[in-house]
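Protein chains: 2
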Amino acid sequence: MATLTDDQVHRLDQWFRAANYLSVGQIYLLGNPLLERPLEREDIKPRLLGHWGTTPAINLVWTHLNRLIRERDVDAILLCGPGHGGPAAVANAWLEGTYSEVYPAIGHDRDGMARLFRQFSFPGGIPSHVAPETPGSIHEGGELGYVLSHAYGAAMDNPDLVVTAIVGDGEFETGPLAASWHANKLVDPVHDGAVLPVLNLNGWKIANPTIPARIHREELESLLRGYGHHVITVEGDDPADVHRQMAAALDEAHDMIRETWRAAREDGDLDRRPWPMVLLVTPKGWTGPAEVDGKPVEGTWRAHQVPLAGTRDDDAHRAQLEEWLRSYRPEELFDVDGRPVPELLEQAPVGTRRTSANPHANGGLLKRPLRLPDWRTAAVEVERPGASIHEPTRVLGSWLVDVVRDNDTTFRIFGPDETASNRLDAVYEVTDKVWAGEIRDVDEHLARSGRVVEILSEHTCQGWLEGYLLTGRHGLFSCYEAFIHIVDSMLNQHAKWLKTTRTIEWRPPVASLNYLLSSHVWRQDHNGFSHQDPGFIDHVVNKKAEVVRVYLPPDTNTLLSTMDHCLRSEHYVNVVVSGKQPGFDWLDAQQADLHCARGLGIWEWASNDDGDPDVVVAAAGDVPTLEALAAVSLLREHLPELKVRFVNVVDLMRLQDEREHPHGLSDREFDTVFTRDRPVVFAYHGYPWLIHRLTYRRANHDNLHVRGYKEEGTTTTPFDMVMMNDTDRYHLVMDVIDRAPGLGSRAADVRQLMVDTRRRAREWTREHGDDLPEVRDWRWDADADPQAGRSPSTTAEPDTAADNL
Amino acid sequence: MATLTDDQVHRLDQWFRAANYLSVGQIYLLGNPLLERPLEREDIKPRLLGHWGTTPAINLVWTHLNRLIRERDVDAILLCGPGHGGPAAVANAWLEGTYSEVYPAIGHDRDGMARLFRQFSFPGGIPSHVAPETPGSIHEGGELGYVLSHAYGAAMDNPDLVVTAIVGDGEFETGPLAASWHANKLVDPVHDGAVLPVLNLNGWKIANPTIPARIHREELESLLRGYGHHVITVEGDDPADVHRQMAAALDEAHDMIRETWRAAREDGDLDRRPWPMVLLVTPKGWTGPAEVDGKPVEGTWRAHQVPLAGTRDDDAHRAQLEEWLRSYRPEELFDVDGRPVPELLEQAPVGTRRTSANPHANGGLLKRPLRLPDWRTAAVEVERPGASIHEPTRVLGSWLVDVVRDNDTTFRIFGPDETASNRLDAVYEVTDKVWAGEIRDVDEHLARSGRVVEILSEHTCQGWLEGYLLTGRHGLFSCYEAFIHIVDSMLNQHAKWLKTTRTIEWRPPVASLNYLLSSHVWRQDHNGFSHQDPGFIDHVVNKKAEVVRVYLPPDTNTLLSTMDHCLRSEHYVNVVVSGKQPGFDWLDAQQADLHCARGLGIWEWASNDDGDPDVVVAAAGDVPTLEALAAVSLLREHLPELKVRFVNVVDLMRLQDEREHPHGLSDREFDTVFTRDRPVVFAYHGYPWLIHRLTYRRANHDNLHVRGYKEEGTTTTPFDMVMMNDTDRYHLVMDVIDRAPGLGSRAADVRQLMVDTRRRAREWTREHGDDLPEVRDWRWDADADPQAGRSPSTTAEPDTAADNL
Ligand SMILES: Cc1ncc(C[n+]2csc(CCOP(=O)(O)OP(=O)(O)O)c2C)c(N)n1
Ligand SMILES: Cc1ncc(C[n+]2csc(CCOP(=O)(O)OP(=O)(O)O)c2C)c(N)n1
Ligand SMILES: [Mg+2]
Ligand SMILES: [Mg+2]
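These protein sequence lines are chains C and L, in that order. The first sequence begins at 1 in our numbering and counts up one residue at a time. The second sequence begins at 1001 in our numbering and counts up one residue at a time.
Just chain C, same shape as in the assembly (with noise of 0.2 Å):
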């Protein structure tokens, strides 16, 4: 345990003096970076922006971190949950040397100096947050809640590595927050590394107290004892005292993770222990100013922001800061060049120990590309289109089951308790569920490690993820389709880092960022309205164009290919939406590749048309290229002369634009295959407008009629889900009927027997439970082998019960 000298105090506290330094002037100071002369006006920015509160605590933890590593050669990058600090992390990652080496141009110098505190929160400049412009970084913290699941995630088959988090007691009010503390329960003690978490109950937010800074210390400790961990107290406001204690805290907690290491590493204890924590008490702002104009600002919620906001015109106000950056006695950290001195220099520690410069901070660094087995492999024969049936997840689960195999340290299943009833479970003939809790003899696939985790916490999940990839990993996340909207903000923030770093040319790519949501929006069969949701694809569309990507594989093989595609991607968000529930096949390998290398096209053998159709019937998802082909083959048997072309789209962003999307096709390709004038009856799995917005500037749009998910649902059956919908086959051929030019009085008793259907559909579900036989049983090749499949892909399973959806 460490019993610090006072010369090692005194060092310490001039990094931290350097850094606080070096954060305030970076606020303020327009000029002038060394205080050569006093301050004035012009010195000061026009637009005073940041927050000062909580940058004084993450410099404690910086000082005191780079201790811990040089003298224990300690591997560690550090997360600031409060990434409004982006202050501190910028001082920290300039003193340490990296900021000069990734931007040549801000070097240890006067001049350097002064462009670090004018470039912050400047335009043109850096944001004023703990973002991907800041090396060190895979945390920017804007929106509060996840520093502790991105701990966890890139702590993940790093055994060595101690990530330290940094949690705002405000943060801590969180519900994304609260639950991540539990992630402690699903860490592996061999193969993962430690998370440290750091919280700083400052004592408040913007502008109130915080809940664990007013509710009794007991019972706080209670709290955090009871979130399964080791509670050392560092608590103070004299920078010496503190420094003291906090450098006994690290020992003590890193001394904890190492033993609990070595138990596990050695002598093979898998028992869960409590991991060591700190709380760290510190006031909010402190070292700044502890009164503005009579009112207490060190201390109070006044210091969130800017204490002194008068500061360029207000000479009070300046004087102030002059003080309060005279009081850090900056001559004694840079010299008058505004280097800084030899003895801070050498308290950083060295290289890519360097926390700026670790790379696990900076993943695409050490991404490898996964081992993929050929997905043909894996797929299924397909004799004729819709000949037999498959459940496509399950399907993928066995091709999982050798991706997992093959990249045992760097690919990871993520789910919210789904991955089982989204049909992945053959993956456990590989693997198991990580569970770090009791383990009894009734679990199954419950195991100390596992390279599937999963927690009741979508929001776990999504950060879990996000912080393995950041730090150069692969993975997955299988999750229902309606619950993803949990992780919307998340995503945004992702889709944002991912959009911000692919012009940082010092940060290489990072794996994409999977999803695979099962369980839609059509075979919710188990639940209801609750859970029919379809609207995570127009959330992710109106992210960056170049970051996202959105699949909607109509069968097995199809599956397969995307998800293939998806796995060796870099950079993306892919959303990938698949039925669970047995459905036909449609194309064979071969085809399979071919369509989702094109992303949409045309299927011949579904197509009368010639190349020139009378209309065009265009699907998107699985579900609805069924209900669109039962369309079709209706239009067959009782308007054989109509010539309709079969459309499928697998890629949706193939349906944008070209100068909007990179995946889009050019108003020519686009015109060839879905006409500049013939109708186009389109199926689409999610909410219809999104097909409209994605197309509105093609020359043949006015043509364009979507079908889909429009908002009416219930616990029911698969067929009546659509018929709700007005996305059912009959529907759809009735909508071909209203649009096909010359149609007309032709076909009315073909609408009107489409009609007459429906409605007899809809009194069979009523009367029966279950779908109209020759919907139930229907199929595309009629003279298919009966014994291919079990029951066709709208009905539900005999037994329904049997996957606990």
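Don't read these hints as lab results, they were simulated from the structure. Among the clues, some could well be false.
[Stated by the list, open to error] Straight line, CA to CA, 25 Å or less: simulated DMTMM-like cross-link-like pairs of lysine to aspartate or glutamate:
(1) L:Lys1643 - L:Asp1749
(2) C:Lys710 - L:Glu1505
(3) C:Lys185 - C:Asp443
(4) L:Lys1544 - C:Asp726
(5) C:Lys185 - L:Glu1221
(6) L:Lys1710 - C:Asp538
Every value quoted in this text rests on a predicted model; they were computed, and no experiment measured them.
Starting from the structure of chain C, add chain L with the ligands where the hints point.
Frame of chain C; chain L with the ligands shown alone:
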């Protein structure tokens, strides 16, 4: 404390058995409800859907709550976190008689019971969850995580209400649930009711054990105590034993609640005390089949859904089901006609004391309109458009003062620590922020009672407000625009609830859920890219048209008028987006009134088209309106002969087709305003494609050119933000020039000037860190008194730190 006689235990168990019998019946049976003959294939539903596992615990709680209610005349409602236990709620509502009162076809007889069974999860029947169709429910529980925040919202301002909330141990792992435990830190013991959480530690979720069930029991208890609870444990699997424990537990809990109330209300002792909670440890699927096909079911995850999957076709399963049903001894529960025996009926509380008939769970019954002061009294004087400047939300705050004062038990403002930042702090003149934690001298506006409710959890705020509204009250959620995405999925569920209840006659409408989104995408001055996201509007617009409204008031008076309208409205989700920064006033009270009533309109004073424009310039949103008007003034200056019509849109839904949205304009009206053939340059607050999606059916859609946020942002000046997204005045002028027919080369010099000015404006920001003076000081009304406002709206306030944004 209850010590039950054997007879009491027997009677409680009778209800428990009846509820279980009725639950199992719903899941499996089509016919033969009373088991008058052996079960046959045709008695079994063809599709077995539902969730047995969670059901017995709900039945147990209901049984015992009834005892408490009757014995002590308690006013209580019950919320089921695991809402997939729908059969339980339906069973109890039927036993209590309420079900037959609201659905007379489902009476207390054999036929009624048969219908009750058949309808469950059956086409044309009822959903599988505790859906709105279930009397007594305000919580569907399909998406897990919100039961406690709903419960705390329901308890607010209902000083005698006990809200019992069952929390699933899987649900316990979710973020929103984890955060919401701390809602007890904002309970006012004098004016609020109590929440009694019952954590059902049944050990399992879908396919995994739960974390709370697999940590040490002391660890769990430490956690729950840390959440501020006194934990009363009820544990076992012998019904009689559990009945005794449970009765004692509820008595003890209720005693504690009463004592806390008494101390606060009679002795004025407002110190926060631990609130009771019940830790209910019973097996998942308790009283169901112990084993099926040789595998343990009761007490394992296999009990989650439908334990006997093959009941229809498998004789052994069917026999086992029959045995299971008979184990409840139906002959003791129902008479030969299917009517519950008198001893059962006597156990139900009477009238509105019945949990299923409590009016608090049908808030529309209790709702009274708000007393709203005339918003015109708060309106600002507007001499001429653009002659004065106000901060819209600040002025709104001054009106809310009266709203808060005049509705001091029925209106609350919720927010994640942003009420002051969003400049609504005038309300602190008449109220405080409620806070049950420690209050210190330094605190401002914190008190044991208050109408403002703040926690740093958007989830908890949303849940509170939903619970408050669904029990018949009114409220406002003020939030940063970007982070409201955190509650996307909660909004989904609430919108679904509203949509469904519109057609449930016995549920009168509730008050609208009102969002005030400020600190919006264009003015996130202290922050950056992470805080910029206008996509919540897109998300909301995907919901059923009849329940959603979106407003973008361009100035202070229109904000007042809009908010007045929203607070009067019923059964909608209203999204209002408004800046908090100083902005020009465009409309006086009367004009604002008319404009908001129309929803969109031509601003004549900004138009020179004499009814026949060359081009239409349109805007929606405060910043876009400013830029569009500045563009119009540039056009006037440089191209005075160009006839420009200016249109402002405040009610976004007006753009949509009247067939799509009740607020939609007819094509005729739309064409009158936007013309059928003139170019329309539209400056929009959010993602531009939303405007296309709303208008793609309009005649003039091909001429519509929309500018808006295209996901470009950082920490920079206000004008740089609009420039980054090509939504600035200069770009809008260029857009007009590029599209207005016949301008062409005549305007080439003007176009060039715009290009150059944009460049100059950008460079100015890079040099000065502030906006070009001609932009910053621009005014529509050049002659206006410069003293009328301090600084124009595209500029940061001098003291950007003032509101701790
Ligand atoms: C999810 C979310 N909601 C709201 C905000 C707005 N916000 C920014 S900082 C802050 C207070 C943070 O308090 P705390 O976590 O204690 O940080 P510190 O005191 O260290 O600044 C809030 C509410 C946010 N950034 N993220
Ligand atoms: C937010 C969310 N994620 C996932 C699901 C899918 N789901 C339905 S039930 C369930 C398990 C619930 O377990 P628990 O809360 O313990 O309930 P119980 O054991 O009483 O059934 C899950 C994960 C859901 N309904 N909501
Ligand atoms: Mg804080
Ligand atoms: Mg459970």
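### Message
Checking one constraint from the list: CA of C:Lys710 to CA of L:Glu1505, max 25 Å. Satisfied?
### Response
holds, 23 Å
### Message
For a C-alpha distance cap of 25 Å, please report whether L:Lys1710 and C:Asp538 respect it.
### Response
holds, 15 Å
### Query
Is L:Lys1643 within 25 Å of L:Asp1749, Cα to Cα?
holds, 19 Å
#### Entry: Restraint status (C-alpha distance of C:Lys185 to C:Asp443 at most 25 Å)
holds, 16 Å
### Query
Taken at face value, is the distance from the CA of C:Asp726 to the CA of L:Lys1544 at most 25 Å?
Answer holds: L:Lys1544 to C:Asp726 is near 15 Å, not above 25 Å.
### Query
Is the straight-line distance between the alpha-carbon of C:Lys185 and that of L:Glu1221 25 Å or less?
holds, 16 Å
The earlier numbered hints are all upheld by this structure, with none contradicted.
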